[in-house]
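A.B. asks: So the chains spell out like this:
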Amino acid sequence: MTDISASDFSRQSAPRVEARRTRLPTQWLGVAPFFIFALMFLILPTAYLVLGAFQNDRGEFTMENIAALSQPSILAAYWISIKVSVASAILGALAGLAIAIAIVRGGLPGWVRSATMTFSGVASNFAGVPLAFAFLATLGRLGLVTVLLNSVFGFNIYSTGFNILSFWGLTLTYLYFQIPLMVVIITPAIDGLKREWGEAAATLGATQFQYWRMVVIPVIWPSFLGTVILLFANAFGAIATAYALTGSSLNIVPILLYAQIRGDVLHNPHLGYALAFGMIFITGLANVVYIWFRMRSERWLK
Amino acid sequence: MKAGRTWAWLTFAAGTAYFFIPLIATLEFSMRMRRGIYSFDAYQVVLGDVRFQQTFGYSVLVSIFTILLGVLIVVPAAYWIRLKMPYLRPVVEFITLLPLIIPAIVIVFGYIRMYGSNSPLPFLATARGTDLLLIIGYATLALPYMYRAVDTGLRTIDVRTLTEAAQILGAGWATIIARIILPNVLIAVLSGAFLTFAIVIGEFTMASLLNRPAFGPYLQNIGANRAYEPAALAVIAFAITWGCMSVIQVLSRFAPKSANQPN
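From first to last, the protein sequence lines stand for chains A and B.
All residue numbers for the first sequence refer to our numbering, where the first residue is 27 and numbers rise by one.
All residue numbers for the second sequence refer to our numbering, where the first residue is -8 and numbers rise by one.
In isolation and in its complexed conformation, chain A is listed as follows (with noise of 0.2 Å):
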């Protein structure tokens, strides 16, 4: 009778005073380590950063940190920061849509699919610093490509301006894991459009761009623009990659915070927490709207 009076049937049976006072606990003590985990190591740590991104040095309340965050050359690195998670989002987006439309919809064989879905596995998780070093032997000055494009065709990409440790150069090197990501989420997405909907859209007389127009786009657009937010804030949050390729050369905002967690180069330590504030802040901002259109788009795809 102790056995089961533990399982939930034990509100049925007549509760004894003793056991309902040890119950109660015991109820918690299964989730208990991973909430204080999660409290110890996730909440409280970005709690801090916060708590001090608001107070000065003599922990009162100010807002002069988040004001000084508009110097120029913090600016710079949010905005820089902003363009490259934003080209690299949309660019891998339509790239990944393309592609997953290709595997599932344009009548290619079976194996596309299959190994397409797997190559994109392993590149989404393939990012960091030996993604730079891929992409730096790749469109580096000795780069394959660069010394090929050269000694064939005689041309110079350089000599156009183009520099791998620039804003084109990172946005084309976050593509690497952008696009994979993009394939494996939206696949399920085009799956779900039915097949039925194509032939109804048909029997109405409705032209292939007209079902695309009126059918799929609609459709997919919630998903597409959640997916969109996912890979932005994935992009705005990496590091390793930019670091790797660029060193400091190109500031981005964590490169900047980097710098400021070893060196305390922005001479005052709130300062970097109202940093990292503000890259919680936008990540956090594009999630909460990325799960607004997720349950959105959830409803069609049932």
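Calculated directly from the structure, the hints in this document are not laboratory data.
A portion of the hints provided could be inaccurate.
What the hints assert, rightly or not - Anything over 12 Å on all C-beta distances counts as not near chain A; from chain B, calculated:
{"#": "1", "residue": "G27"}
{"#": "2", "residue": "F31"}
{"#": "3", "residue": "Q35"}
{"#": "4", "residue": "G39"}
{"#": "5", "residue": "G61"}
{"#": "6", "residue": "K75"}
{"#": "7", "residue": "D122"}
{"#": "8", "residue": "L200"}
{"#": "9", "residue": "S237"}
As the list claims (entries may be wrong) - Now the stretches of chain B that chain A is said to cover, found in silico as 3 or more residues with beta-carbon under 8 Å:
{"#": "10", "stretch": "124 to 138"}
{"#": "11", "stretch": "176 to 183"}
Stated by the list, open to error - Short derived list, chain A residues pointing at chain B, Cβ under 10 Å:
{"#": "12", "residue": "F87"}
{"#": "13", "residue": "M89"}
{"#": "14", "residue": "I92"}
{"#": "15", "residue": "G133"}
{"#": "16", "residue": "G136"}
{"#": "17", "residue": "A163"}
The structure displayed is predicted, hence computed values, not measured ones.
For every residue, glycine included, the Cβ atom is placed at its ideal position computed from N, Cα and C.
Go by the hints and put chain B onto chain A.
C.D. replies: What follows is chain B alone, placed relative to chain A:
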């Protein structure tokens, strides 16, 4: 339909070109170390480097502890929520999504400020404590993937019936989790484990800011100072990622596809 298929092939070809040219270029570059001919010199140099062996060994060890910590935290919680506290699910799912919202660099920044030598919990005062903090940080990063893997695994088994059967036979909670639930979701846990491994092995930010001799900072250091070795390391890293994902794919074939009985 013919035009559609041509278009699909073109898209696929363009994607293949974008994804394979860097891989080919990296492979080619990594073999250029000896002037004039292709050789595996760069790989020999890298694999023979003592610091490579040390940092790689360190990162493998750290990722193993990360996986153990992740399992210890996630499996009981996910099980308990499925069995007894389904109303907590949205809260837990939200928490497990937080590491995707809060960048790793911000999390580790918080650790450095909160657990410094003068704090009540001085993790950073000793090297062992810092190792522990790094493992904890990695477990946090892996939380979204680990939780989702385990939760998917739990969905495919009838948690309630298994638990009640075990209870009738006199099993305690530790026995139930270790000997009934864990073996049943082992394949899901292993998928989560290999994904964790792929994420942790070359992680740079946390290891670098906590000053630990891990593989990620070593990679960065080599990248800043050498020419051909980085390419060889990139090929090795890609092979490791590929290996982890292949194992997950193979594992998923053994996993049960759907619940035997709906909960």
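A.B. asks: Taking the earlier hints as the rules, which of them does this structure contradict?
C.D. replies: 5, 6, 8, 9, 11, 12, 13, 14 and 16
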